[in-house]
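Keeping the supplied structure of chain A fixed, place chain B upon it in accordance with the hints.
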Amino acid sequence: MEIPAPSFELIHHTLDNGLRVVLAPDRSAPVVGVAVLYDVGFRSEPEGRTGFAHLFEHLMFQGSANLEKLEHFRYVQSSGGMFNGSTHFDYTNYFEALPSNALERGLFLEADRMHSPRITEENLANQLDVVKNEIRVNVLNRPYGGFPWIHLPPVLFDTFANSHNGYGGFEDLESATVDDAADFFDRYYTPANAVLTVGGDLDPATTITMIEKHFGSVASRPAPQRPSFAEPPLTAERRRTHDDPHAPLPAVAIGYRHSDPVGSLPQHLAALLLAEILSEGDASRLPRRLVQRDHLVTDIAAYLGEFGDPFDERDPTTFTITAHYPQADSLDAILRAVDDEIERVATAGLEPGELDRVRTRLLSVLFRELDAVISRTLEFAKFELIYGRAEMVTELPQRLLAVTEEQIRAAAAELRPERRAVLEVIAGGGK
Amino acid sequence: MTVPALTEARAAAELDLIQRELANGLTVTAVAKPGVPLAELRLRVPFLAADPALPAQATLLSEALLTGAGSYDRAGLAAAVQALGADLSVGVVADRLIISGNVLATALPPLLELLNTVLTSPTFAPGEVETERDRLVERLTIARSRPGTIAGEALGLRMWGRHPYALDLPRAEDVAATTADQLRALHELRVRPSGAGLVIVGDIEPRAVLDAVESAFTGWTGIPPAADAPALPTSEPGALLVIDRPGSVQSSVRMGRGALSRSDPGFPALQLANLVFGGYFSSRWTENIREDKGYTYGPHSRIDHHVLGSTLMFDVEVATEVTGPALLETRYELGKIASLPITQDELDAVRQYATGTLALSTATQAGLASTISALSATGLGLDWVIDHPARLRAVTVEDASAAAAAFLAPSSLTAVIVGDAESITAPLERLGPVELSE
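Protein sequence lines, in the order shown, are assigned to chains A and B. Quick note on numbering that gives the first Met the number 0: the first sequence kicks off at 0 and runs consecutively. Quick note on numbering that gives the first Met the number 0: the second sequence kicks off at 0 and runs consecutively.
Chain B with its partners taken away, still in its complex shape:
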């Protein structure tokens, strides 16, 4: 019995997408994607700034934004949203504030009205802000008790130093010192439509939705200050940093370096080289340290995209007693892919994987909305998704191998390990210099 061949691929239907810049500077993208009777929305507001007080204030603002607006108190606002079959949530990273929502498609217009109220007249009642401040401090404590968070923060610090990108989560003491007045001032300053983008995808009529947005978003105006974040620093990889977590039964390995952005001509080759190395299950890294050696539940490497630049990130949790061997095999695979050609079979497999999974990830309303919103942060549109399979098809073995040589050399990666230092330091020192964190 032989494995059935693939039949002829069927093309996806073209999407009905329209985009309009409103008078207040907000760019609105609406896409008809029938299926379930829902609509997804993503409102992205640029938030990147050098201000060291921003991370704590922005995070608390994201927690407190939906605790009351206009004539609604906290429970009243939540009830009004819920009655539309809707949900709103707010998230923040260094680059942006994102308000995400989903709603019964027929109830989209009233949800837009509620969103406008939140954007133009959030209450930030001192009592609610205090409640959210205390909760956020508690949640930060929980987050920082996870070894992956500890490792990620240490890597961020090594790669980015004082740059805003270094800090994924704010410092608890900064959050504790944040006031309702500061949130109100921050909202006034930065939650402005000019330069922001709203994406709506679902069982909708795009033109009608654009009109609904235009009529709902009354009174939301203004231009935020220009982004003033410093350029990304270039960091030296340095020695492997070990952070002690006594009694840890696994070691959390995190590695990273700069990469290419989606619009760079070299990006498709780098994307495919990364997949061959560790970006999917059938990768060399997974087949070696999971399926052959059993050192881990699973390693992952990926390319993250930020406004100021992209990064290659590697993460894996390995059993404490095999931390040395797992790092050895990891560096072996990195060294091998950076030094010897990728094979045609490997390239064809990842090309098909990248093409197919791009189609899968944009086949849902939520996936398509998130993709369009993420692309827009660096000035790209849905065209990028549509044209990407052709770019992937053009990548040769030579291109992918050259990308691997340029970006996957083990000597080029900044690396940290969180684990039981007493058990892992000596084995790691056999492989190269190790620096023990304070």
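The following block holds chain A by itself, in its conformation from the complex:
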């Protein structure tokens, strides 16, 4: 089938202080997206300070050079816009979706906190409470909280950077200080360590002028050297259990270290297609075998990237398979069936038409993520930061079309039992 790929004009600009700028104009609707990504995530937080990158993200909303506490939120929302931020393994993002008549205001708000966030004892104490409540609602007080992104990495990885809890332990969070925050900001929140992307209803020349005006005066500081966090594949299977007091059914996460999504992009895209072949929809391999035929699991999913976004991390990332299942004693049967299906792809290859239909659907999913101006803006920013090329967003369809069945079989052959970490969730929730 002929697949029309969307195309976007991208304009690059770099400020004297090192801030990389990407503009993605599209005048079809009077809305804009503004996104700033800083090249720091969970992996860079210091030992003894688990959860600090995320806590710091909260502090970036607490007022800045020219803004009192609460003003950031109020200015965005009373302009008719929305805001948010999120912390990832390799980066942290801040963004606004705004009517286009608020574009300069959005740029001002982002520049103001790039100049200097207002971090006080009072704001730190308040956001510490908020973050603890975020962790309670998303992890501690619910079934399968943090499954598997908090509980699988310590089984799969060895280094502190890759294995620690990105939400953080309460003790670490409580010991964070205003000085820690000032140091973290100085080191990681430099303009040279950030990407600014603006998408939507904008005039490029005017927007560059506005960006120079508001961000140009942010003092230049060097970008920190980013160490390699790579870890080689496992050579012996690891297993661990996690007691979940709220979970009514057992669950399992199977993780494989997956190397260098950026440097080995063709292999990465083959692994991505493999994940889709294994678990995207009722025609895929694992649901057909484990849900529909063998009735072993309630649901099963295979995906790349700790949060399910295959392009969210540099080396390493994770190939994960998760399942919930009714019978606690069926884990070994589940693992055997999963291994069997992966090996079948590696040795017997694909069914006629399988690669085409899976790839067609994947492209459609990728296009769909580009529809909202703010999601598109965030995608351009992420690819500029992680892959060094915002253009990769529009090149992905061609690159996916170049992936061969042989490459997918090779990706399947990497997922051997001795290379996996198995996290078993013990259901304590019963009745």
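Since the hints were made in silico from the structure, they are not lab data. A few of these clues could be false.
The calculated DSS-like cross-link candidates involving lysine-lysine, where the alpha carbons are at most 30 Å apart (straight line), are [what the hints assert, rightly or not]:
| no. | chain 1 | residue 1 | chain 2 | residue 2 |
| --- | --- | --- | --- | --- |
| 1 | B | K335 | B | K292 |
| 2 | A | K68 | B | K335 |
| 3 | B | K292 | A | K212 |
| 4 | A | K212 | A | K68 |
Same frame as chain A, but now just chain B:
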């Protein structure tokens, strides 16, 4: 340095929308919205009925509908859909069954053919129905282990009693007793085009799409029985209900009451009053119990719309040890907004927010399709979206304050809390009567 002022707003382009009622009674709406080369579709089939067996059967039908149709078995149907770059999914609530899909725009006609096969000849093979029945029971078990689900169900029961709206999820034992024959009979009875609505939005030519729908939907005919659900009961708020969840590190607070529907002349004022109270981040409730006190990750209040009426719903999860103080501050903010005027600045801020976010939410193909489909359930169309900014502009401080007085008084809300009863009951009793659930 001062914060830049807003410049002149640019109007959104007009949409090319057409609507047609087909001979079989299906209303089709097609909207051209270029951007990405995709199309979104939403097929809404009214499902509201008093039959107490309906929730379990309807939910299982939604899980089993795509497990085979015509000459396709389960994997064959899924593969055919996937090959079009498409996805179909089925959801059900008391008011309606919804089939949602998205597809490469060029492959919309064959997707419509597949959808017609699903609508006219679903298989409901006993083996597949059994598989989905067991999975649904397991998923219900998981859903009911979430404190928010427990609290939501308790609130629904308090507000709606035996009305179909009380039950968000079916009872597991009812699902377990449901058969493939019952699904087939339910499909025969209610999955009918008369009164249903199909919305298609995307990189399409609307007239051509209407013709494609008309030629694809062959053999789907019939009229479902008229809705026979009883009118919404009016409930007394009663005492605060506490449901014990031993060891809970947070308490899940849920409150609710009746509200105004979108077509009510008083709705814009109520919408804005709710935003000022708790409907957006810069609300009084959030600024108080999150940004000042740190009791929670975030409270939310919202207006839900159903066919038979709308509701104001409030939810917040607060740390166990501050459950009493958090409820105190919540009632303080409710009492304050119901008793004292909203300010002009607050009103202007929420007016701009409501206008801007309405535009953002309808700026995507998926958002626009969902909005049009949701509006159509209560007889409204895209005109409602287009005209709403003018209605919001007309709301005065007096209007919004009067809406707050009428709808946000703490004494008017039904409230439940799921949490560690041993820790929270005494602090809550200091604030007013508490009823402990069995």
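What are the numbers of the hints the structure violates, in ascending order?
-> 3
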